[in-house]
Amino acid sequence: MALNAIEVRNLNFSYDPRVKTIDGVSFSVPEGSYTTVIGHNGSGKSTIAKLLLGLLEKESGEIIIDGLELTLENLREIRGRIGIVFQNPDNQFIGSTVRDDIAFGLENHCVPQNEMDGIIEKFASRVNMSEFLNSEPTKLSGGQKQRVAIAAVLAMRHKIIVFDEATSMLDPTGKREINALIKELHNDKKLTVISITHDIEEVAQSDNVIVVNKGKIALEGTPKEVFRNQALIESMQLDIPFVYKVRNALKKKGLKISDELDMERMAEEVCQYVLKK
Amino acid sequence: MPIRFEKVDFEYSPETPFAFKALTDINLELAMDKMTAIIGATGSGKTTLVQHLNALLLPTAGQVTVLDWQIKAGQKFTKVKDLRHRVGLVFQFAEYQLFEETVLKDVCFGPQNFGVSEEEAVKIARESLKIVGIAESDFEKSPLELSGGQKRRVAIAGILAMKPQILVLDEPTAGLDPQGAENMMELFRKINKENGITVLIVTHNMEHVLQYCDEVVVLEKGQLLMQTDIKTFFENYEYMEKANINPPAIIRFKELLRKNGLEISSDVLDIDSLAKEIAGRYRK
Amino acid sequence: MKNVTLGQYIPLDSFFHKLDPRAKICAMIAILIAVFIPAGFVGYGILAAVLIACILRAKLQFSFVIKAMKPMVMMMIFLTIINVFVIKTGNLLYTLGPVTIYDDALKQTAYIIIRLALMIMTTTLLTATTKPMDMTLGIEDLLKPFEKLGVPTHDIAMMIALALRFIPTLIDEAERILKAQASRGVDFENGSLKEKISAIMSLIVPMFVSCFQRADDLADAMEARGYVVGAKRVRYKQLKFGRGDYIVIIGANLLLALMIFLAYRGTI
Chain A
1 MALNAIEVRN LNFSYDPRVK TIDGVSFSVP EGSYTTVIGH NGSGKSTIAK
51 LLLGLLEKES GEIIIDGLEL TLENLREIRG RIGIVFQNPD NQFIGSTVRD
101 DIAFGLENHC VPQNEMDGII EKFASRVNMS EFLNSEPTKL SGGQKQRVAI
151 AAVLAMRHKI IVFDEATSML DPTGKREINA LIKELHNDKK LTVISITHDI
201 EEVAQSDNVI VVNKGKIALE GTPKEVFRNQ ALIESMQLDI PFVYKVRNAL
251 KKKGLKISDE LDMERMAEEV CQYVLKK
Chain B
278 MPIRFEKVDF EYSPETPFAF KALTDINLEL AMDKMTAIIG ATGSGKTTLV
328 QHLNALLLPT AGQVTVLDWQ IKAGQKFTKV KDLRHRVGLV FQFAEYQLFE
378 ETVLKDVCFG PQNFGVSEEE AVKIARESLK IVGIAESDFE KSPLELSGGQ
428 KRRVAIAGIL AMKPQILVLD EPTAGLDPQG AENMMELFRK INKENGITVL
478 IVTHNMEHVL QYCDEVVVLE KGQLLMQTDI KTFFENYEYM EKANINPPAI
528 IRFKELLRKN GLEISSDVLD IDSLAKEIAG RYRK
Chain C
562 MKNVTLGQYI PLDSFFHKLD PRAKICAMIA ILIAVFIPAG FVGYGILAAV
612 LIACILRAKL QFSFVIKAMK PMVMMMIFLT IINVFVIKTG NLLYTLGPVT
662 IYDDALKQTA YIIIRLALMI MTTTLLTATT KPMDMTLGIE DLLKPFEKLG
712 VPTHDIAMMI ALALRFIPTL IDEAERILKA QASRGVDFEN GSLKEKISAI
762 MSLIVPMFVS CFQRADDLAD AMEARGYVVG AKRVRYKQLK FGRGDYIVII
812 GANLLLALMI FLAYRGTI
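Chains as they are written, first to last, in this note's numbering: chain A, 1 to 277; chain B, 278 to 561; chain C, 562 to 829.
Misleading hints may appear alongside valid ones.
Which bits of chain C does chain B cover? Going by a derived footprint, with three or more residues having C-beta under 8 Å, they are [to be verified]:
(1) 735 to 741
(2) 746 to 754
(3) 766 to 772
Note that these hints are calculated values from the structure, not bench results. All residues carry an ideal CB built from backbone N, CA and C; glycine is no exception.
One chain only, chain A, in its complex shape (with noise of 0.2 Å):
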């Protein structure tokens, strides 16, 4: 049986006494698993993936990261097993070079000095930044910072990384090369992913959705499942992939397509089912 990585139950917190930002959440995030939370801009999205590192405090509820429950007294090693990637690529960078925000976190959690360069070279090369190690934040593009704050989290050994919009900032060079990055890292299925994203795309393509509608998990499956309610997700103003856009708009029109989430594959159905007959 899958283990799951993250599992909440019935949290809550706010910022105003008066407005509840997080209303009674509880969902569970499997272990290995690609899962995407969405949800428009004032949604809760984002307090969620402060709420499971402390870096907010839970007014109630329970959050367990790796089989372990989070407290005011174990942050530090709730830490050491979750990481985060921010959205501005600016505020997340500490080191004045490279190598120097790399081994912040390496310092942090106390690592042997003499262990540190060859970790931080390693995880240099994993996200393609070796023959930047020496630069300065200012010399570098969005996309390369954002690849050095996933080196740095990378770094710690984390066993589950929160994307909070980590691509919402870049240009859509910035944005490929990322999303190509996180998909290459949970390839092999050991690191949990939960990324939180405005990228209907990515969405499609991850295992699990978790959609947020004012502090509330609103739905919750794999993407077939949750974008098959596309009145529901529109009324939350959310936008569904185009596919399932063009799917529901042939159906209309009276022609069964299946539910396909690739557009390659849904062109081919599209062409064979008009073409042949």
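Got chain A; can you put chains B and C on it based on the hints?
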């Protein structure tokens, strides 16, 4: 009066070790009353180009004509204020320029800088806030109390209140959620079509270019690569691939259909007409 | 804002660039003390010769050092004028109506100007050959003994390091806000006092808002990566003393001793 670039070069910190040529030999004429997209990879010179339109940057060679004003390289341009009054420039992450205590005051700031009386400024500010969709109940709030998307709308209202003839927007939807971005683009279309303001948008989002813009200008490494209308632009699939532009989903899908033997007319640019066309072919 | 030479690091590869920042800071302190010892023109001549040799060895250009002195020119002129009017001892050199110039006045002024110039040469030599981050590490290590007195040396060093890291980012940000406000008709150069105040506010308020936002994000990023204020950490960058470092410290102290000797040989 159009917007015209003639043989324009621009170099950052010329004659220093940091010298960097951001624009080379730009010849360009932009039509008024349209909505034009300016696209290109990061570092292709999009932002540099649009900052010439209100004389934040002055050409190091060539000449820029905007409305009634001419900016020539090497000559002092004295009508900066008049020009900036008529060309509104909205920066990336514009919400960071808000600084007054209330939303209304912040929107009044621009017009008052251009000599509009307080009373008149308040009147224009109210109109502008209404256009961008800020509720009356938020007028007296501090800008800091609003959500990210609303703040950006206030910043845009602050520029609209200057009553510009040309509105230039540098990546206006960056960082917004998809629905927020759509709404923002709808707003620009309204400003363009209903208020008759020429709109120029620097963007990376090809879906927006396809859906909302009339013309497109493509820059690459500081040079003008092409300028054309939207339909022609998106017909040329190979070209987009070569220029490293990720085409909108519908264009990609049509290309896949074509490869599988189903040619769809180039007029079909939205899902509903695509479905209609496919269904029509099926019935035939 | 970007062509300030005073305190700027020049990335070159020289003997001085490779030295341990602690050695350089110690040597600089010794030389600065030496500069303040009244060792006469002979002493200053020796110091100047040594410093010029060092600047050459550090592969720095003289024009760079001279540029660093530029901000001091006004101060030097001002000092000269004050001294001429105040000091009235020594031999009378020149009289023009009510203005009288004595040789002591010129001598005193020359001393001060030479001292200032020597100080700037010394500090430039340090800052131009030491990365700001290494300087922070050096200061942190040198302040270690004060930790027992409750001085949070590591936290101070971390604060300086973060400030250094964010200076270029904030300069870019300021430039962007400046341009955004200029597009709204703000004139940062001309205008009445009231307009000027509003122009400055339109820059400062957004800078504050943005700084707080960044600080918030940064705190989250640091905590998420396991940083706890005051907790034990292992430092990645270790400073190592080499032969050159000992030579520089001993050399600087010998120079200091020589100045003391020159200044007090008459009295012994």
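Per-stretch coverage check for the region 766 to 772 of chain C, three Cβ contacts closer than 8 Å to chain B: holds (count 4)
Within 8 Å of chain B's CB atoms, at least three CB atoms from the region 746 to 754 of chain C: coverage verdict: holds (count 3)
Coverage of the region 735 to 741 of chain C by chain B (three or more Cβ within 8 Å): Held - the region 735 to 741 of chain C has 4 residues with a Cβ nearer than 8 Å to chain B, which meets the minimum of three.
Checked against the numbered hints above, the structure violates none of them.
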